[in-house]
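> Residue numbers (numbering that gives the first Met the number 0), protein chains in the order written: chain A, 0 to 567; chain B, 0 to 567.
Certain hints may be false.
When chains are identical, the list treats them as one kind, so a pair holds in a single copy or across two.
[As the list claims (entries may be wrong)] Okay, derived cross-link-like pairs now, EDC-like style, lysine to aspartate or glutamate, Cα gap no bigger than 16 Å in a straight line: (1) Lys256 <-> Glu292; (2) Lys382 <-> Asp329; (3) Lys256 <-> Glu34; (4) Lys160 <-> Glu247; (5) Lys244 <-> Glu334; (6) Lys311 <-> Glu513; (7) Lys354 <-> Glu549.
Derived by calculation from the structure, the hints in this document are not laboratory data.
Protein chains: 2
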Amino acid sequence: MNVTAAFIEAARGLSHVDLLLTNARIVNVFNGEIEHGNVAVHQGRVVGIGDYRLAREIIDLDGRYLLPGYINGHTHIESSMLDINRYAEAVISRGTLGVVTDLHEIANVCGMRGIEYILDSARRLPFSLFVMAPSCVPATAMETSGASLSAGDTRSLLRRKGVIGLGEMMNFPGVLAGDGEVLAKINAAASSIVDGHAPGLGAFDLNAYIGAGASSDHESVSLEEAREKLARGMYVMIREGSSEKNLEELLPLVSDKTYKRCLFVVDDRSCADLLYDGDVDAIVRKAIRLGLEPVRAVQMASINAAERFDLKHVGAVAPGYYADLQVVSDINRPEADLVFRRGRLVARGGKAVFKVSQDVRPTPGGSFNVGDFGTEHLRLKPKSAVFPVIEVVPGQIITRKLETEPPLDGSGFIAADIERDILKLAVVERHAGSGNVGVGLVKGFGFKCGALASSVAHDSHNIVAVGTCDADLTIAIREVVRMQGGLAVVSQGRVLKTLALPIAGLMSDRPLSEVAAVFGEVGQAARDVGCVLAAPFAVLSFLALPVIPELRLTDRGLVDVNTFRFIG
Amino acid sequence: MNVTAAFIEAARGLSHVDLLLTNARIVNVFNGEIEHGNVAVHQGRVVGIGDYRLAREIIDLDGRYLLPGYINGHTHIESSMLDINRYAEAVISRGTLGVVTDLHEIANVCGMRGIEYILDSARRLPFSLFVMAPSCVPATAMETSGASLSAGDTRSLLRRKGVIGLGEMMNFPGVLAGDGEVLAKINAAASSIVDGHAPGLGAFDLNAYIGAGASSDHESVSLEEAREKLARGMYVMIREGSSEKNLEELLPLVSDKTYKRCLFVVDDRSCADLLYDGDVDAIVRKAIRLGLEPVRAVQMASINAAERFDLKHVGAVAPGYYADLQVVSDINRPEADLVFRRGRLVARGGKAVFKVSQDVRPTPGGSFNVGDFGTEHLRLKPKSAVFPVIEVVPGQIITRKLETEPPLDGSGFIAADIERDILKLAVVERHAGSGNVGVGLVKGFGFKCGALASSVAHDSHNIVAVGTCDADLTIAIREVVRMQGGLAVVSQGRVLKTLALPIAGLMSDRPLSEVAAVFGEVGQAARDVGCVLAAPFAVLSFLALPVIPELRLTDRGLVDVNTFRFIG
């Protein structure tokens, strides 16, 4: 960003600026105060605050509040199920103008090609996408992903414009073991930034993990855990996602002494939450509701993220900063009335008002090499009298490991036990055409008849399906393949409802309102067949992720996460 | 800095660490608390805080406080009159292990060669020198310097290891005027950091200056000025130098809401102050004495500077951070008992205990091309009845402009008026052999007989001299030339006392105690001949700096700084 003589002249009040926002209550993230004044914008940047008069366009804010655009410090945008263009519309209208994202979902499906698709698409959009190179693709060696990223890929990504660091290093066991490839990835990012992901880590192991380079964490679920991480030098990202909500527990961490080391992130936010609740703005409102001083909440959603990631000229309303701004009426319940990107109006009243030019690149499809899938692929042979069962823990993404004596069908294979809510779970490898199908049992969905299937299954995104019988399971899995990605609800041989996710099998190209509506309908369809979970597809999507305790199923089999071993 | 498997193993407590500091009260700059524990150091870095046991060396701190080494956010090390090797001994023994320096003094004399000498020498020394590329060499076009640095030089310097940004942009009038070369320098540093220097700037002009890129300032002398600068996004460097002391005035700026945007700097500190008062540690102690909470004072002298300059792994006692540490006994009056650099003891009880290996590079000499200097060069012709006089303002570096009717000597030239304390002032160009001699009048030194001369004269460092008669002035100037740099006090035709400064005419190669002692003696000699100023050579050194109001003398003549024009 080069400074010009014209910019300086405008800042000195000697020439007309492009835009003047008058009568604003400006949230000042540097001194924590709110000041009344005019803000002048020229060449896409704030030239100053003061009694400016000369302007090509003047907007009287009439005492409304002017805030910096929010910066979301950590998210996987694929979790919105929205294509990058639609995602941008969704979050920009909420006041988010900076997004730090780890694209490990699409990377697990499409590798570098997927990351490049999003990086290149984002350049045409009126927000700043800061990409963290995914560090763990695949998440483990115990599953089959569509791609893997090496330390060489990390180095190559870090040279790309828009890539600012190494994404959450979920493989903390690999770090602690001193794994060569893991350390090579961290060392590739030695001169930039490494995000951490260390649920439950403390004491010596936390020291080692931080010492290795991970300088943030968004996985704290208890106040004590977060306190220790902050004390050891980590930025604490307070996460309020769709499945993981840590704000209420962690807010007491935020004090006069610590608030600069804390920021808000959404991690994974569903399209429904984006539509009905919001993005970072929803966290800000909730934090204020919980007692946080509004200016401090704004700081944690803007300048603190900029500082954590060494982002220049964003996160504040100040001279030289990009005019990425939002106007809100009520500072105690801030909702973006107007959003400006580089001084241009891009959203009004919660609606995006910018046009996305047609993407010149083809969207990357999902890979669905599953051959001719039939019920025979779902057979589960008993090896002993007892069989391990994944138990869903309501409201959390951890699971418990049960053991049960399952019923057998007429052919001697294990069957679902509907009375005891023990259903069949399958993970069908979709990338490599390996024919791998992991089959297991799960407790907690509660439905009596039918099946759910999805191509969103963290992090390898094979097809995951849960059902009461192999017939419905097969139909649901086939439906996902037919759509080349998506969610399906099946009952008694009939497809009841689907949401197509043609982009990498993870995302739709439809607008937020449409995707959220259909997403709501598939969820409702799942509940209609008796599912007792509030967010059945969200729960389902985490059952194949073998980095979160206690028991998971991948395409290669059941994984005891505590021991990192296949069982059963 | 690459992480190794051995480092991780040590951090996990599984192998011996190099050094274990037990029973420490650790100042935690992240949460503002003091915690009790052991700190383990391996491979020059902190591996962790906790109950470590296995160590090759154990030092029991017996409850003493463990702090990060201080980082001085802005200084001109040449002002200490110490060569870089001696300077390092002086400040390291005070707990300073990081120094951000603008080398514009030596650059004005020796150009790139001078900067390279210091950069290369610093690599052998146990502290971190972070160089800001000098932005204003020469400071103005109204004087003759030994070298000038172009925007091309800025670009070249910024590519060098150890150069982290563009030094204080003193030419704020040039910025405000949109001067092409000035903007080219700023734009060369667009992806790094630009330090500001904007005494008294406010409102529109401050916006313009900040918007152009200057993101810090160390020139605030009033609380209101500092408040405005901080609000507009500048880091406020609270300066406590030898001549400029702003701490007491600015300390009320530091609050729970603002302290992270404030840091301590020394700007110019004399050898005497380094010896008898201290470096950054002196500011910390004074701030605590004035009521600042000790941990916050330490934060402002360590992590805040690291954050302002995006310096990684310094400024804290935490895993992965360099083991740049100091031990103090009394947190309310912290003085470094022990100083560790990368885990090795480098100072104890205020004395450096490291050895400086012989420098392989020759030290750069001063340039003293003044020919055969005689009294005839000091003649001052009256052009009208009144003549402008520079009035020294005690305790400040600004001057006032007086007008007087001076007495004439027998040949019709202006003479000193000893009764009214109006002495003759001369600036003798020493670099280019131009023969330029600026001659003027100054009020405020107060001596009745004799002359002082010095080759330290900001920023071009020509020879500046003040005296009651041309004979003594000439002897003093000749003595500085004979020494090839230094300070001299002359009276009644006799050289009373000198301090030789052979390195660039600015610095001595002798140790701190010796330089400070002789520096004290030349000051005393000046007072012995009747000088009423507490720091006559410091005052003298600023009289040739035409960027500070109100009236200055360069080798090319008298400058009215308010209008930026030659007069008289």
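> Run the structure past the numbered hints and jot down the numbers of the failing ones, going up.
2, 4, 5, 6, 7
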